[in-house]
Amino acid sequence: MAEKASESSNSISLNTVDGKIFKVSPTIANQMQTIQSLIKAYDSSRVISLPHVNAFHLSKIIEYLEGKSATTVSAVKEFEAQFMKDLSLKQLKGLLIAVGYLKVNELLELMPKTVAKLIENKSVEFLRKFFGIVNDFTPSEEAKIREEIAWAFDGVDED
Amino acid sequence: MSQDDAGVVGSSSVAENDRSKAQRIVDSNNEDKISYLPEGVLGKILSLLVTKDAIRTSVLSKRWIYNWTLIDKIDLDDTLLYSKIAVYSQNRSNTVNTHFVNLVNRILRHVNSSIQSCHLKLSLDNSYHLNSWIIAILEKRVQNLRIRAAAIYFVLYPCSLFDCNTLVELILDIDCTVKVPMFNCLPKLQLLRLYGITFDCSSSSTKLKEFVLSLPVLKVFASRQCLWYNVTIDAPLLESFYLEFFNNGPSYATPTCPLGVVRVCTSGVAKFFYRGHLLEGIVVFDPPLVHNASTDLLIETCQKEDVQDTATHVCVLLSQIKEVECLKLAFRKVYFLLWALLKSFWTRCVIAFYI
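Respectively, the protein sequence lines represent chains V and L. Residue numbering for the first sequence follows the UniProt record's numbering, starting at 1 and increasing by one per position. Residue numbering for the second sequence follows the UniProt record's numbering, starting at 1 and increasing by one per position.
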């Protein structure tokens, strides 16, 4: 990967959960808040390991940050739309976890919009299936909550 | 293992042992990742949904019961409920409405201590809850408040509404009377739109002439069908001023109950719009509008006998905006007003007449 090749004296090494080392420039690293605080705690020569991020997700995040900085202001929207479009649903969910853990602010603005678009006005059953959420309510517990918020069930899309 | 299902879910909590890590990595394709997102991310996603959608997530699983309280935007529209009312029996619709009221109360009790914006669209039946709701909303340090409610007669009393130091945008579209305290100030308000509001300043002071709305950073002001008496809008940074008043309704201005003077204290209105019937002294600019302002007037008269009065009022108004760069004037049913105007009016303005 290109990131690995970029050897600069002050680049920062990140070790993903599946054991791949990424070297990134401080500019990129500093856009991930979690890493920014880790850099301060570690001395610069150490490899920072990221227990919640795999290589694919980190490479996507780096791709986004580098791609965006290389894009002109007017083309950013297009770039972002394409970036999100290229992700499968499964990838999107995984990446969201990684982005949430690393606190990549720009993606934390962008990705929730995509997710919200996907789930707006969808039924509970659709959401459970969509996110793989296991319903742990008893039928009577669920009925009670549904009754309390009955108003919110008006006009929901058919699955 | 494909690239993407290796995502590690996590309570970002401490040291997970290798076994559980391995287990998570090989978890089924459709594992529940979203439930374990950090609160900040979940809150962002849920805030992007309309509140109704966000609340519905409380049925997903036990973990989700209170996730919706992370939202920082409230967006509720009970007219959706009433559009379906024919489908419900009366009993049923009462129940649903009670639930709606309880729900709003619950939202205001549980939601984050601070919210960014709150938009409420309410139909008649819930207007009477509005006073307590507004107090609760303002306590949440809301910045953007929009309320549209269909009320026939109704008094909005929370004084805190005109003494709120977090509001940046305020839109009230309620046919109601608003009690404004004598000492009021909205230090951060940049946009104020008022529709159908009657100002009641009676409790504040007997000296009504001194009633001042303090809006130090206001940029946009719009008022449609509002009634007030001698209100001074003190908004030094005002950029756009829109006033619309058609003297049609039975409750509106009559000779015995005139529409008050709106005195605008500003040095920089760039755009001034007026629509409707022009009554005596309806708008006074202090100081008069400056050179680079633009003005757009659409004047109507109600009856033939009013024409001469209107002409006088228009002249008074125009004398304050003599020097503006661009002036658009349009009249309906007021042909012979022109001579009165042209006689008293000479500037370098661009004048367009639409007759």
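Hints are not guaranteed to be accurate.
Stretch-level coverage of chain V by chain L, calculated; a stretch enters the list once three of its residues show a Cβ under 8 Å from a Cβ in chain L [said to hold, decoys possible]:
(1) 97 to 109
(2) 142 to 149
Dumping the calculated DSS-like pairs for lysine-lysine here, alpha-carbon to alpha-carbon at most 30 Å [unchecked claim]:
(3) L/Lys121 / V/Lys103
(4) L/Lys62 / V/Lys90
(5) V/Lys144 / L/Lys179
(6) V/Lys77 / V/Lys122
(7) L/Lys140 / L/Lys179
(8) L/Lys179 / V/Lys117
(9) L/Lys121 / V/Lys117
(10) L/Lys271 / V/Lys129
(11) L/Lys179 / L/Lys62
Derived by calculation from the structure, the hints in this document are not laboratory data. Even for Gly, the Cβ is constructed at its ideal location relative to N, Cα and C.
Right, here's what the structure says about each hint:
no.	hint	in the structure
1	97 to 109	holds (count 7)
2	142 to 149	holds (count 6)
3	L/Lys121 / V/Lys103	violated (35 Å)
4	L/Lys62 / V/Lys90	holds (23 Å)
5	V/Lys144 / L/Lys179	violated (41 Å)
6	V/Lys77 / V/Lys122	holds (26 Å)
7	L/Lys140 / L/Lys179	holds (21 Å)
8	L/Lys179 / V/Lys117	violated (41 Å)
9	L/Lys121 / V/Lys117	holds (22 Å)
10	L/Lys271 / V/Lys129	violated (53 Å)
11	L/Lys179 / L/Lys62	violated (44 Å)
Violated hints for the displayed structure, listed by number in ascending order: 3, 5, 8, 10 and 11.
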